[in-house]
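Colleague: Listed below, chain by chain, are the residues.
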Amino acid sequence: MSETAATAHHEMPTNTGISNKKLVMWAFLSSDCMFFGTLISTHLIYRRLNPDPESIPVAEFFNMPLAFFMTLALLLSSFFMAMAVSAMHTGKVNRATANLAGVIILGAVFLGCMAYEYVHLVHHFELTPSSSIFGSTFYVLTGTHGVHVIVGLIWLLGWMFYSISGRMTTANEADIEVVGLYWHFVELVWVVLFSVVYLLEFI
Amino acid sequence: MSSSSQPSHDLEKQEKKKYLAYFNVAVVLIAVMFFEMVIINFSTLDSLSSVLAGIVFGLLMLKFVTLLTWFMHLRWEGSLIWVLFLSGLVLALGTVLAIMAIMWFGHHTLSPEEATGG
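First to last, the sequence lines map onto chains G and P. Each residue of the first sequence is one higher than the one before, counting from 1 in the numbering used here. Each residue of the second sequence is one higher than the one before, counting from 1001 in the numbering used here.
Take the hints with a grain of salt, since some may be wrong.
Just a sample of chain G residues kept apart from chain P, beta carbon distances all over 10 Å, derived [to be verified]:
hint: 1; residue: 27
hint: 2; residue: 105
hint: 3; residue: 163
hint: 4; residue: 188
Which bits of chain P does chain G cover? Going by a derived footprint, with three or more residues having C-beta under 8 Å, they are [claimed, not checked]:
hint: 5; region: 1010-1017
hint: 6; region: 1058-1069
hint: 7; region: 1100-1106
Keep in mind that the hints were calculated from the coordinates and are not lab data. For glycine and all other residues, C-beta sits at the position ideal for the given N, C-alpha and C.
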C-alpha cells in the first residue's frame, strides 16, 4: 500500500502491503479450514464408511424446507455483509450500518431455526449427542458452526452499538472488512455442511 | 471537476459495479440452491445416485469458489492472501481425503502378530 493510500485509510503501512488485521484474519480462517476439515471427515467416516450398527433413518429426521430456509437466510446475510463492506469503501457509514443490521437479523433468524431444529430432533426423534454416533457427529459439527455464528453475531452487535453511538467512521473500514471476512467464512462452511450433512442423506 | 474529487468518483463507480456483481452472485447462488431442491426429489431413483452425488459435489464447488472469489474479495487480493488461505484449505482437504482413504482401504485391523511385530 502506498503511503498516501495508507494515510487515507488511517492505517500504518506494512511490509506486506496488506493490513495486519486482514492478514491475521486470513491466517485464522486458513487454520479454521483445517479444524472444520477434521470434523467433516469424522462425520463422513461415521456416516458413509462405518455407519451406526442400527440403521437410523436420517433422511426422515431432517426438515428440508427448514434447512433450505436456513441456507437462504445465511446467503442473504452474506450478501448484506458484502454490501456493508462496499459501503464502507465509499465512506457511506450509515448505509454500512443499515446493511450490518440486515446481517444481524438474518444471522439471528439462522440461529433461531437451528435451535428449532435441535429441539425438534430431540423431542420427536430422541436424537441427542449420546443417543447414536450420528447424533454425536451431527451435533458437534453443526454446533461448532453455530458457535461460529454466535461469535460473529456478538462481534457484529459490537460494531452496531459502536456505530449507533456515532463513533464508527471511515477509519474503521478495515475492521468491517475483517468482520466481513469472518462472516463470509461462516457462510462458506455452511455451504459445505449443507451438502455433506443434509443433501447427501437423500442420495 | 476538481482533481481531488476524481479518485472518489472513480471509487464510487467501481463500488457501484461491485454492488451489481454482488447482486448477480446472490441471484446465482439462490438459483443453485433451488436447483439442489429439485435434485433431491430424484433421489428415489437408485440408478442415478452416483450421478446426483457428482452433481451435488459439483454445485458445492461452484458455490464455494463463487463465495470465496466474490464475497470474500479473493479475486481482488494479492498472491500472499491466496497462498495463505489455500495452504490451509489444501491441508484441510488433504486431511479429509487422507482419512477417508485410510478408512476406505484399511478396513482390516492389525492382527495380534502384526501389532507385536511377531
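Colleague: None of the hints should be skipped; say for each whether it holds.
Modeller: Verification of the supplied hints:
1. Distance check for residue 27 of chain G against chain P: the nearest CB is about 6 Å away, which does not clear 10 Å, and the non-interface claim fails.
2. Interface exclusion of residue 105 of chain G from chain P stands, the closest Cβ pair being 16 Å apart, more than 10 Å.
3. At roughly 19 Å, the least C-beta separation between residue 163 of chain G and chain P is larger than 10 Å, which holds for a residue marked as non-interface.
4. Some Cβ of chain P comes within 10 Å of the Cβ of residue 188 of chain G; the nearest lies about 5 Å off, and the non-interface call is violated.
5. Look at the region 1010-1017 of chain P against chain G: 3 of its residues bring a Cβ nearer than 8 Å to a Cβ of that chain, three or more, so the hint holds.
6. Figure legend: the region 1058-1069 of chain P, annotated as covered by chain G; annotation consistent (6 residues with Cβ-Cβ distances under 8 Å, at least 3 required).
7. Using a Cβ-Cβ cut-off of 8 Å, 3 residues of the region 1100-1106 of chain P lie near chain G, which meets the minimum of three, so the contact claim holds.
Violated hints for the displayed structure, listed by number in ascending order: 1 and 4.
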